[in-house]
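S.K.: Given chain A's structure and the hints, the job is docking chain B onto it.
Protein sequences, first through last, are from chains A and B.
Per the working numbering, residue 1 is the first one in the first sequence, and the count goes up by one each step.
Per the working numbering, residue 1001 is the first one in the second sequence, and the count goes up by one each step.
These are computed hints drawn from the structure, not numbers from a lab.
Just to be clear, a hint being listed does not mean it is correct.
[Unchecked claim] Calculated pairs, DSSO-like style, for lysine-lysine (alpha carbon to alpha carbon, straight line, at most 30 Å):
(1) Lys-101/A to Lys-1028/B
(2) Lys-1260/B to Lys-101/A
(3) Lys-230/A to Lys-1260/B
(4) Lys-1028/B to Lys-1211/B
(5) Lys-1211/B to Lys-1225/B
(6) Lys-1028/B to Lys-1225/B
(7) Lys-230/A to Lys-1225/B
Bear in mind the structure is a predicted one, so any value in this text is a computation, not a measurement.
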Amino acid sequence: MSAVATPLRRPRAGAQGLSGGALGLGVVTLWLSVIVLLPLAAVVDRSLEGGLSAFWNSVTSRQAIDALRFTILISLAVAAVNAVMGTLIAWVLVRDDFRGKRLVNAIIDLPFALPTIVAGLTLMALYGDAIAFTRWAVLLALLFVTLPFVVRAVQPVLLELDREMEEAAASLGASGPTIFRRIILPNLVPAIVSGVALAFARAVGEFGSVVLISGNIPFQTQVAAVYAYKQLESDNVGGAAAVSVVLLALSLLVLVALRLVERWGTRHDG
Amino acid sequence: MARRSLRFVALAYLAGILVVPVAVVLVKTFEPGPASVWESVTTPAATHAFYLTVLVAAIAVPLNTVLGVLAAMLLVRGRIRGRALVEAVIDLPFAVSPVVVGLALILLYGREGWFGDELAELGVRVIFSLPGIVIATVFVSLPFVVREVAPVLREIGTEQEQAAQTLGASAWQTFRRITLPSIRWGVAYGIVLATARSLGEFGAVSVVSGKVSGETETLTLLVEKRFENFDLAGAYAASTVLALLALATLAAMTVLDRRKAT
Chain A
1 MSAVATPLRR
11 PRAGAQGLSG
21 GALGLGVVTL
31 WLSVIVLLPL
41 AAVVDRSLEG
51 GLSAFWNSVT
61 SRQAIDALRF
71 TILISLAVAA
81 VNAVMGTLIA
91 WVLVRDDFRG
101 KRLVNAIIDL
111 PFALPTIVAG
121 LTLMALYGDA
131 IAFTRWAVLL
141 ALLFVTLPFV
151 VRAVQPVLLE
161 LDREMEEAAA
171 SLGASGPTIF
181 RRIILPNLVP
191 AIVSGVALAF
201 ARAVGEFGSV
211 VLISGNIPFQ
221 TQVAAVYAYK
231 QLESDNVGGA
241 AAVSVVLLAL
251 SLLVLVALRL
261 VERWGTRHDG
Chain B
1001 MARRSLRFVA
1011 LAYLAGILVV
1021 PVAVVLVKTF
1031 EPGPASVWES
1041 VTTPAATHAF
1051 YLTVLVAAIA
1061 VPLNTVLGVL
1071 AAMLLVRGRI
1081 RGRALVEAVI
1091 DLPFAVSPVV
1101 VGLALILLYG
1111 REGWFGDELA
1121 ELGVRVIFSL
1131 PGIVIATVFV
1141 SLPFVVREVA
1151 PVLREIGTEQ
1161 EQAAQTLGAS
1171 AWQTFRRITL
1181 PSIRWGVAYG
1191 IVLATARSLG
1201 EFGAVSVVSG
1211 KVSGETETLT
1221 LLVEKRFENF
1231 DLAGAYAAST
1241 VLALLALATL
1251 AAMTVLDRRK
1261 AT
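Okay, chain A solo, but in the shape it has when bound (with noise of 0.2 Å):
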């Protein structure tokens, strides 16, 4: 992870050429630029276009600040449920054995792959009834969106776990829960953070699973994503994007806090 080099393990003019050379780097800077940093950068412009008194006004807007404090505080929710579920979810699929669990592993994916309108689709479809255009119909939508993150970073520590200590832990008497508190636990904090760090950026951008079952009502059910939608489609550029800029710097933010959190990981492991 070092940015140092270390010359004794990076050969010299063979790789370099490997790695495309000047060329290749100049292809890919142009590319990561006009891809991704020229949109956003058009969106900050946009939103700083009436100074930052215009911004700011976007921002705290009546709506705008309750579709912000909604987003953030379903998402932490989300994070939460996801924190608990996902460690469980993983636990299971690593150290219990039953029939079909390949089959149950595979499945965990599918929000991965299944587009976010069906999947908003197929929740409306079971419990729009029950629970369509509420507060409950978000959170679940979130929830079937994020399911993945916390399981995928979670597993493979799990597996790689030495069980030796659990061992120990219990041939001198401690229970199950204990051993897990005190010995699995610990293990398993970096990659929970992790996974629940791209939970929560995923739930406070999520747009597609939400738009039909959120129903959208201003000031119960609408979230950011939503928020900007809206005022995209009725002409309200500034606000919109305005209120992506929130959300961008929240994204950075977690993307930001998820590498420190990785390097300390890193560190703990060694």
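M.R.: Just chain B, lined up with the frame of chain A:
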């Protein structure tokens, strides 16, 4: 006992959130009978939506594959400064809301966007047209190949590549004969993920496409439109086409995962 109840909780959660809803949609789709389902997925609007969805993926995925492998080579093999920054930029599309992506493209290529005047002069239409949909799809599916290939490259190391080069192979020969065969399952896995994401993208495409039926309407947009027009059976039918594509993706992932491990 505890083990049993944990298993029960985990499976019940998965059933309630994932399996049963998807199964219900599949069942509801075929309630009116296979003939009417077939009719509903072969209307001119539906076939065009299917064609457009596949076309967009067919442009976006190869682009992201070639550039993704190149980016992974640079990140792992190259000696570049600011590696962490480049990695963060590559991860950004995972974290950015699809609506923000769509808005960003409008602000760049729309009539009043940064390049609006230049594009108008050239007579090129990006927003509410195919190029906009493609660019949005490239954005959202960008990280997959890089993310899958980079760890494999790190794992295989450089010994064989060095040996080949010592024996006089050119950089391109080394890449084609040595590196590419070792990373091929990683590349394939990345392609599967990127394809699934491309076929299923909704938010970003919804903002930039203009949703003109028979022109800029993709399959996911068709699902939304049918639902909003109270054509539930039609929405279910179109969803089932997408769900089947998703299941095929899952199957491919499972197979490739085993290949990658060996």
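S.K.: If a hint holds in the structure, say so; if it does not, say that too.
M.R.: Results for each hint:
no.: 1; hint: Lys-101/A to Lys-1028/B; verdict: 27 Å, holds
no.: 2; hint: Lys-1260/B to Lys-101/A; verdict: 20 Å, holds
no.: 3; hint: Lys-230/A to Lys-1260/B; verdict: 43 Å, violated
no.: 4; hint: Lys-1028/B to Lys-1211/B; verdict: 26 Å, holds
no.: 5; hint: Lys-1211/B to Lys-1225/B; verdict: 9 Å, holds
no.: 6; hint: Lys-1028/B to Lys-1225/B; verdict: 18 Å, holds
no.: 7; hint: Lys-230/A to Lys-1225/B; verdict: 16 Å, holds
When the structure is compared with the earlier hints, a violation turns up for hint 3 alone.
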